[in-house]
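Peer 1: Each chain is listed here by its residues.
Protein chains: 2
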Amino acid sequence: MHALDCFFNPQSIAFIGASREPGKVGYVVLQNFIRNRFKGKLYPVNPNAQTIQSLQSYPSVKKAPGEVDLAIITVPGPAVPQVVSECVAKKVKGVCIISAGFSEVGNEVLTKQLQREMEKGLKQGTRFIGPNCLGVLDTQTKVDMLFLPQERLGRPGKGVVSFISQSGALGSAILDWDALKGYGINKFVSYGNAMDIDEADLLEYLGEDPGTKAIVLYLEGAKQGRKFFETAKKVSAKKPIIAIKGGVTEQGGHAVTSHTGSLAGAKEVYEAAFRQANIVYAHSMEEVFAFARTFTTEPVPKGKRVQVITNGGGYGVLATDALIQNGLELAQLNPKTLKELQQGMPSHVVLKNPLDLTGDADNMRFKRALEMVLQDANVDMVLLIMLFQVPTLNELAVRMTSTALRERKKPVIVLSVGGKYAESHKMALEQSSITTFSSPSESASSLRALYEYYARRGKA
Amino acid sequence: MHALDCFFNPQSIAFIGASREPGKVGYVVLQNFIRNRFKGKLYPVNPNAQTIQSLQSYPSVKKAPGEVDLAIITVPGPAVPQVVSECVAKKVKGVCIISAGFSEVGNEVLTKQLQREMEKGLKQGTRFIGPNCLGVLDTQTKVDMLFLPQERLGRPGKGVVSFISQSGALGSAILDWDALKGYGINKFVSYGNAMDIDEADLLEYLGEDPGTKAIVLYLEGAKQGRKFFETAKKVSAKKPIIAIKGGVTEQGGHAVTSHTGSLAGAKEVYEAAFRQANIVYAHSMEEVFAFARTFTTEPVPKGKRVQVITNGGGYGVLATDALIQNGLELAQLNPKTLKELQQGMPSHVVLKNPLDLTGDADNMRFKRALEMVLQDANVDMVLLIMLFQVPTLNELAVRMTSTALRERKKPVIVLSVGGKYAESHKMALEQSSITTFSSPSESASSLRALYEYYARRGKA
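So the protein sequences, as listed, match chains A and B.
Residue 1 is where the first sequence starts when you use the numbering used here, and the numbers rise one by one after that.
Residue 1 is where the second sequence starts when you use the numbering used here, and the numbers rise one by one after that.
Next comes chain A alone, as it looks inside the complex:
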């Protein structure tokens, strides 16, 4: 058992500050667990109520029958130190303090008080997330501490990416978006002021977590720089960490100080440290998502030589530019492949890189080209541009592509742009575990990130 398991897979939970008033934080959090038919025991704690949401309520966590793995605290800030001391007395394993009003608003007195109570707990092994956070969402165990109601913040389905966010609002907006897109998530943690558990602890935990294939991190400033980078180095040797850093400009750094009170640090320092720890650096939120999808779907590339296959010359050109600007190389097909292509294709097909199948390419021409390119040892990765506006391509192309890529040994990204018809085909490809994008730049930067990460691990 890992010390942090109590936050993600508790058998019994106390809700300190549980409320009967719909809409209140203490109401929503408890409601989530009831709605989700959570398997463990639920103990609402509220001295002013006998029952809350049809569950028996307790005046203090100390009165809860049996052990308490996790306490979720939603009482007002000034009441937090007292209830924390009760959790410590009860030997609760994990405490998540959602309540705000501490150092983030400059209340150092209250922060000190809380710290004293926490220290007693830490000595006996009690661990803390928060304060001033959203806490944990785990789509496997159905732990859901998010106090934002599901009508406002959609919950993503099950997935293989886990997400650590230093910002609660940013984290929740992303979860909501992720739910809409249907990408799914494994675990989400908003850890707030990080008075005990910080980004390094969470990285370490998710590094061991078999349900997490890739970790996404929104970071403003690491609490303890050395600990963070040492941990990241170890974890990134096992699975990718994709990070976006807030406060990379001087002015952004000032905003960070106003926001989480962290020190943002100079951009160059972080970039170098990210590289050394083999953290995949995303320069925008768009890249975060693109990288997460690529890393969890595509196999390890053997090198950086990319073959472009297209039925639209213009997109072939833009893709070439984007690949080169990302430091990748255009593959040179070996003469045997070229000869086979020449024999199997009409004469107006452009047998270069991009391999331009031209606007009249049909399902079969795409299938043949893809198969021949995939078996060419000079090709490490493939960027397949399929524009579905032409009448010669249809759902058969999707099926053939899915079959050809089923057990692919090389990363293949499908780039496609369009309306309803094209989007439905892209979705079908996504459902066959194929990475699809709408833009040459995000396709190219994703292949670059994939290559660089595995090259640094000595695999590409």
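No lab work stands behind these hints: they were computed from the structure.
Some clues are possibly wrong.
No copy is singled out in the list; a pair is fine if it fits within one copy or between any two copies.
With a cut-off of at most 25 angstroms between alpha-carbon atoms, the simulated DSS-like pairs for lysine-lysine come out as follows [claimed, not checked]: (1) 223 with 238; (2) 420 with 142; (3) 267 with 352; (4) 62 with 336; (5) 420 with 181; (6) 304 with 238; (7) 24 with 123; (8) 352 with 213.
For this one, chain A is given, so just place chain B on it according to the hints.
Peer 2: Relative to chain A, chain B alone:
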């Protein structure tokens, strides 16, 4: 009357190569006009048919009764020179040659033949688009030459942006996407091999076009560099030209040569020329769309000082980084505004830039902050971050924002991320002519592009 009007607003059209076989190019093109209840006269031309799609057919364009403003040619390549000579004899004003098989496939003999016939026409004022193109789509006059059926390629509704594309496939994918998103378009031209009319002619025409507020251009290589840049300079003094350039790397340049046979030219040369001609340079397709929306919705900024207003600290940080990285400045609110804000806001609101209204900000707090910031002379542009996951914000915030921005004198971009609930609010804002984005980077680069363009025109 402008010489190119015949392509966009013809009174009579000959369809040379009109077909009775559904799916054929010559079928789809004629069908478009019938479906659209096009107001002008339609003359199918086909020597092997009496009627086509219930219209009387003519054996040659020469037999069409009365004048012919426009001929659309879809016969196979080798038959093109002959039918062009007939168009010339008929004194057709404009000829659009959709047929392919010329210099783009290396058929120089056929190209020469066509050129000879075209030259006879040019002498008498007949103008030509193509060959090897998709031709024209005009949402106002309902001219629709696109041979890709509407089930495959959705047609956008009416809009104020016009789009010139050197690549047909790229152009059609974008149209299809645009139709899905509901952004609308004014005119679209795919001009193919540009044996007569080239990007410069089209720029000049759209520069004069009252329906076109902004021009988007996909360019691989200008046919005549000097003519192009001279024209662009004149046009950009009246309305923005947003261009994406294919072939900015050496390898991309090779791909261009295989594709349209153009010379791509060095990146630095183009970038400098774009700057000089005040063409707004988009580095990705995403930027193309973001810029087009911003330029057609937002007023002229007076300077580059941006105030960020947010209810999420993390997004405030990322937005600040993105603005600074785009060369913009953070506005410094004047003391009077700060005092008013202080009086009107709870004490935990962060009165800086970003102005962090914090997670409990409600509709009214947003409204007040926006109004105070808009009237501050130290603020040139506003980036308003609204995260709708919190229960304190609802549709009233959308209505208040729309009202506050109705006759705005300063550009304001709303940044919002999320799921269904958030998206519905963003859509409502868009419908009130407010630019909304999902990402800090596209918000910032759009404000930068807007500022730079007007600064070069001496307005910002």
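Peer 1: Please work out whether the CA atoms of residue 223 and residue 238 approach to 25 angstroms or closer within one copy, between two copies, in both situations, or in neither?
Peer 2: This pair counts as within: shortest intra-copy Cα distance 23 angstroms, inter-copy 52 angstroms.
Peer 1: One pair to classify: residue 24 and residue 123, alpha carbons no more than 25 angstroms apart. Within, between, both, or neither?
Peer 2: Intra 33 angstroms, inter 79 angstroms, cutoff 25 angstroms: neither.
Peer 1: Could you place residue 420 and residue 181 in one of the four classes (within, between, both, neither) given a Cα distance threshold of 25 angstroms?
Peer 2: Classified as both: same-chain Cα gap 15 angstroms, cross-chain 10 angstroms, threshold 25 angstroms.
Peer 1: For the identical chains here, do residue 267 and residue 352 meet the 25 angstroms Cα criterion within one copy, between copies, both, or neither?
Peer 2: between (40 angstroms within a copy, 22 angstroms between copies)
Peer 1: 25 angstroms Cα cut-off: does residue 304 pair with residue 238 within a copy, between copies, both or neither?
Peer 2: within (21 angstroms within a copy, 45 angstroms between copies)
Peer 1: Checking residue 352 and residue 213: alpha-carbon separation at most 25 angstroms within a copy, between copies, both or neither?
Peer 2: neither (36 angstroms within a copy, 39 angstroms between copies)
Peer 1: State whether the alpha carbon distance between residue 420 and residue 142 is at most 25 angstroms within one copy, between copies, both, or neither.
Peer 2: For residue 420 and residue 142, only the inter-copy Cα distance (22 angstroms) is at most 25 angstroms; the intra-copy one is 34 angstroms.
Peer 1: Tell me, please, which holds for residue 62 and residue 336 at an alpha-carbon limit of 25 angstroms: within, between, both or neither?
Peer 2: Neither, since 76 angstroms and 52 angstroms both go past 25 angstroms.
Hint check: violations occur at hints 4, 7, 8; the rest are consistent with the structure.
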